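Engineer: Spelled out, the chains give:
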Amino acid sequence: MANQTTETVRLMIDGISISVPKGTLVIEAARQAGVMIPHFCYHPKLKPDANCRMCLVEIERVRKLQTSCSTVATEGMAVRTATTVVNDAHKSVLEFILANHPLDCPVCDQGGRCDLQDFSHQYTATSRFAETKRIFQKEYFSPLIETQMNRCVQCLRCVRYCDEVMDVKALAPIGRGTMTEIKSFGNHPLDCEFCGGCVQICPVGAITSRLSMYEYRPWMLKRADTICTFCGDGCQITVQTKDQELIEVNSAHSGGRNNGDLCARGYFGFHAASHPDRVTHPLIRRNGTLVEATWEEALLFVAEQTNRIKQAHGPQAFGGLISGRCTNEELYLFQKFMRLTIGTNNLDSSARYGHVNGVQAMRRVQGTHRWTVTFEDIVQADVLLLVGTNITEANPITGLKVKEAVKKQEATLLTIEALQPAVGTISNITNLSKQHLCVAPSQFGAAVLGLLKAVIEGDHVDPGIRQRASDYVSALSHAVRQIAWEDLAVSTGISSDSFAQMAASVVRGRRVVVLAGQILLRSQGGYGMCLNLLDLLLLSGKLTSPGCGFAPLAEENNDQGAVEMGAVAELLPGALDLTDQDSRDRMARAWKEELPLVPGGTLIEMVDRASAGIIKSLFVVGENPVGSLPSQIRAKEALSKLDLLVCQELFLTETAALAHVVLPAASAMEKAGTFTNTEGHAQAVRPAIDPVGDSRPDWEILSAFSVFLGAPLEYGEAKEILKEIRSVIPGYGSLGPSPIAPTADPSAIDRYVTEGYRHDVAIRYTLPPRAVRQEGTVQLGLVQSLFHSGKFSTHSKGLLQIEPSAFLQMNPVDAARFALGSGDRVRLSNNRGQFITTVKVLERVPEGLAWLPDHFAQEALRLFDCVIDPDTKVPSFRTATVSVLKAT
Amino acid sequence: MPKYELILLKNMMQPGYTGSLQEYERAGGYQALRKVVGKVPPTEVTMAVMKSGLRGRGGAGFPTGVKWGFLPKDYQGPRYLCCNADESEPGTFKDRQLMERDPHQLLEGIVLACYAIGAESAYIYIRGELVLAAKILEQAIAEAQAAGYIGANILGTGITANVWVHRGAGAYICGEETALLESLEGKRGLPRFKPPFPATNGLYNKPTVVNNVETLANLPHIIGRGPEWFASIGSPPKSTGTRVFCVSGHVKRPGNYEVPMGVTFRELIYEHAGGMRSDKPLKAFIPGGASAPFLTSDHLDVKLDFESVAAAGSMLGSGGVTVMEEGTPMVWAALRLMEFFYHESCGKCSPCREGSSWLVQTMRRIVAKRGQMEDLETLVDLCKNIEGRTVCAFGEAEVAPIMSTLKYWRSEYVTLIQEAEAANLIRLEPTVARH
Ligand SMILES: Cc1cc2nc3c(=O)[nH]c(=O)nc-3n(C[C@H](O)[C@H](O)[C@H](O)COP(=O)(O)O)c2cc1C
Ligand code: SF4
Ligand code: SF4
Ligand code: SF4
Ligand code: SF4
Ligand code: FES
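Chains as they are written, first to last, in numbering that gives the first Met the number 0: chain A, 0 to 887; chain V, 0 to 434.
Please keep in mind that the hints were generated in silico from the structure rather than gathered at the bench.
As the structure is a computational prediction, the values presented were derived from the model and not from experiment.
Warning: the hint list may mix true and false statements.
Below are the BS3-like pairs computed for lysine-lysine, each with C-alpha atoms no more than 30 Å apart in a straight line [to be verified]:
hint: 1; chain 1: A; residue 1: 168; chain 2: A; residue 2: 433
hint: 2; chain 1: A; residue 1: 433; chain 2: V; residue 2: 186
hint: 3; chain 1: V; residue 1: 193; chain 2: A; residue 2: 63
hint: 4; chain 1: V; residue 1: 193; chain 2: A; residue 2: 46
hint: 5; chain 1: V; residue 1: 383; chain 2: A; residue 2: 63
hint: 6; chain 1: V; residue 1: 205; chain 2: V; residue 2: 34
hint: 7; chain 1: V; residue 1: 383; chain 2: A; residue 2: 90
hint: 8; chain 1: A; residue 1: 839; chain 2: A; residue 2: 885
hint: 9; chain 1: V; residue 1: 186; chain 2: A; residue 2: 63
hint: 10; chain 1: A; residue 1: 640; chain 2: A; residue 2: 221
hint: 11; chain 1: A; residue 1: 132; chain 2: V; residue 2: 368
hint: 12; chain 1: A; residue 1: 63; chain 2: V; residue 2: 205
hint: 13; chain 1: A; residue 1: 221; chain 2: A; residue 2: 21
With the sequences and hints as input, model every part of the structure.
Structural biologist: Structure below.
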């Protein structure tokens, strides 16, 4: 728990009197008083180490000079930072630091934004050093990060960051004294999370990015503050460009929800946008092949075909799919286009792949479509429960918040993950768990039920809810009683004692946040599990307590926006029910037009309807159903039957390759708009470069369609769409620095506990089927990799250097069982087909499971079964049982 | 026959004494432990140590009882005792003998300290090279455990005190108490900045006492014979008890000599250590290990106690007395020590890391007759810029040889530089341009 003390102390800094919270370091107090004390090793994110000695100050009544970065301000303290003595000390420390420095600033990438340069300039540093300088031989460090150890000032910020913030511990100082150099921990090139944090935090040019080496001088770069597109965390990034070329991404302002931290995708993945394979001109299919065309030709073609199909078959012959990577403006315009210009509710977005499960559960139980907590609540939580998050790889920055809560604020971390605690090259959140239940993804549901049973039978049910909703409580009590501890133990391998222990920890918590990740959200029964986790919070009396809440993690950067913009069949803007007459009327008033009445088809339904010949035309914006859905869905066959397939795309994806018209879309680096992150925080997206080739932002293309179709939805710039969004959707008013989370709606909860919970209780409170795993097989799971995000990032040269191809991760015991070692080729097969890949043996994979990163899994998709959730229509195809054979 | 009553070296000076448990017990060992454990409240043990005036034998000379008193009184949870057996200070070799020859004396001291401060675990952090001592201690711990002096239920009192030996890996800096703690935790042995001090935030961030081997070895005697007895030895009130001085260098009989504090250097060197090796006059001596500034023949009548040596401008430090005869080149001697400090600077903080390399290179040049007059000014400047600005006391230590030789033997520096200038060598431009 954060000890938020309001106690203050008053001290004097260079004659300025200032009052600061108790516990503030002198260097921070000085900063608040407007006095900048020079420093190298100090960084507000890190524990003080006081090694550089640059920040020495005089403190009245203290004999020696003190390091202001490690001295806590106390009442009545008088600090002097600019006396001759202090000044001489700063100069002398600088002289020492410069002694062995190579003074190679002209070829240093940090030159111009280097603390050492700046302080040298400030103190007009001179050096009497005329001895021989220490020289380190240059050694290969890593594919993406370069070191130049002669420049290192040994402040250990990089090492400390990698340990304290990232929990990766990939770096270490090697050697002693002047021969200390920073190396990867172990005798091999750096193998880590490649978050770029060490590059960012190095005060000098000793650790730099190889992606932009020698390509710029900082003052040549143009900067754009925007939002990363690789996951739902919504990190603020600063994109630096030179002559329309992407040079570097960082988060140096330390702003944004990420507080300056990034993951490998954000830091090193930016080149995806400038890949040479980008579609740069409109393409029209002529005689079976896609050929270049002008925008007019393409738009005209789309308009003619659209009109023809609409006349012949009506609006229900159309459908639309949009990617959750698009901006809110685009998502909003897209659904408006589909609903008004075309006249159908057949529309969906990538939120359907899992995010809808979490949102619908929140809507049903607590009446919100957003989290009731923020990242700050995660950091300040005293109990955190993570279920199926794979957080380090899927939502790395949310993962950092969890790490901060545990490492700095001593929160109790409880995890239910398909992960084993192990030391590895990337951090493993279960290493920090107070209690970890290692469960296969197919049994997460069972584990959640175990926890609920333990809460109910351990007599932990909140008296308030027991009184207010006795039927609900007794229905759930009855339901959990039907489940035997023995069966739970067989399903999960977890004893009733363990469940009881975890339940007790949850109940004891005062600020309890439950995070549910993609593995859970995308599994079969994901919706039910979300509801059950909400039941857990309700029963334990936490759901409406401040600082408590349920937080399903968004996969795509704007999955949350997609739902809020109404870019899903069943919801209108503001995540209002399409079937709700009031909501329909409101939208109709705003749009001055009636909305189509026929309920829309969702992703899989549209594919099925295309297959059945009911849907004749699809508008696809940045989505790739052919590449993403398992072959069982037969998306390729279905889409091949269409009369008109229009794709707005960056690349010629498997879906775009089938299209009649492909329109070059601008990437997020090239457009303005907003994204809404997993917390429900809308943030500004700004263009860093001009659209590549003839590409245009998706909203412009949609707007152009509407004009050509004679029902114009015209906007001069993205801001005008945002203005309209603001007028129809609450929560888009100001783009402030942090979100204001909604509170759970008491009337919604009332509805839920009186009636709403009822219809599916029996189903939700049944143990999921137990997979009987035969000899020679493993449970194959698709997971998010830290180094990629969907197919998009596989166009990033930086990320491809870390992870160039697919591989199967498996436990050493299983590997031994199949006589496999890292690097071996392996054939995975079941009655659906087979797939050959390479093995990587990793201790963090639990026995009996094997993981495949989903962005390279296209060919493996044929092995997976697809189950559609009856309520939320979310297709689940994340696990499959496969035989394993060494391939020769 | 020794002139003074031996305390710490008494047993081992008995012919045939092997240091086994049996012999230690026969010599009255573990009686102090029996006397207090479970009978006298721990705070009274601490009081007794305070009364005895015992001060740390590791270097800084901090009053031991006072240090124990800094542990938080109301802290729930583990506390630790660490015995600093890293003895790496050049010219210091007393702890080794105390451990090898009479291990149970130390162990009894450790258990007494554990009892006093409420620690259930003690770690002996021993210099890696002291292989024999480590083995002997391991064996002695096993014996003491079997006899119920160490372990879960000491002498049936229900009190726990476990003792472990942890071997260092060869860094001088790991003798600095906070670097020792880091190393013990399995990290790189780098000093921590202070405050906070180990008393509140020590091993694994728990309240911890770090004491030197010799300090702890005194405890059985203080408890056994009473603090008043101890306080009457040496030169009370500030320097009580005896010290084992390690005499080395140009003397006839180098070795460890236990004498009450307050005897003069002259007595130690000329009586106990047999006088100068080749009967040349004494030129210089280091009174307390390599970290202590040099003294000269003028200081022979200084008394061997904390205050007197400090007043003479040096320190009693670790008790390592290194003697140099007339004819010893003092600049070279200072360089020799500087080489040691350069080699051992851990590199954590800039002034020491960079300063040591700078100092050593300048000193090498001067000794190699490539110096310049302005080097002397630079040396003094660098030393002043290191002193008092470092993370640990190593900074003060490393400048001591240069500062003190410059103080007493500046002429030797000047001569070397004059010779360099006289040789009229073509001055090579410095390898790196000044800026
Ligand atoms: C660079 C450095 C090296 C040290 N080495 C030792 C050592 O080898 N043994 C030792 O007992 N104390 C050593 N010390 C002193 C310890 O930091 C600490 O003061 C001592 O162990 C405390 O024990 P005492 O109070 O019993 O003397 C060293 C200090 C410094 C600064
Ligand atoms: S890139 Fe990140 S994980 Fe890798 S060494 Fe640097 S800080 Fe550590
Ligand atoms: S590489 Fe940079 S951050 Fe790391 S120790 Fe050196 S100067 Fe500091
Ligand atoms: S991928 Fe997610 S966590 Fe990584 S930088 Fe982008 S938004 Fe942040
Ligand atoms: S003074 Fe020297 S030995 Fe001590 S911490 Fe600094 S660099 Fe290390
Ligand atoms: S910033 Fe304070 S010592 Fe480095």
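Engineer: Just pull the numbers of the violated hints for me, sorted ascending.
Structural biologist: 10, 13
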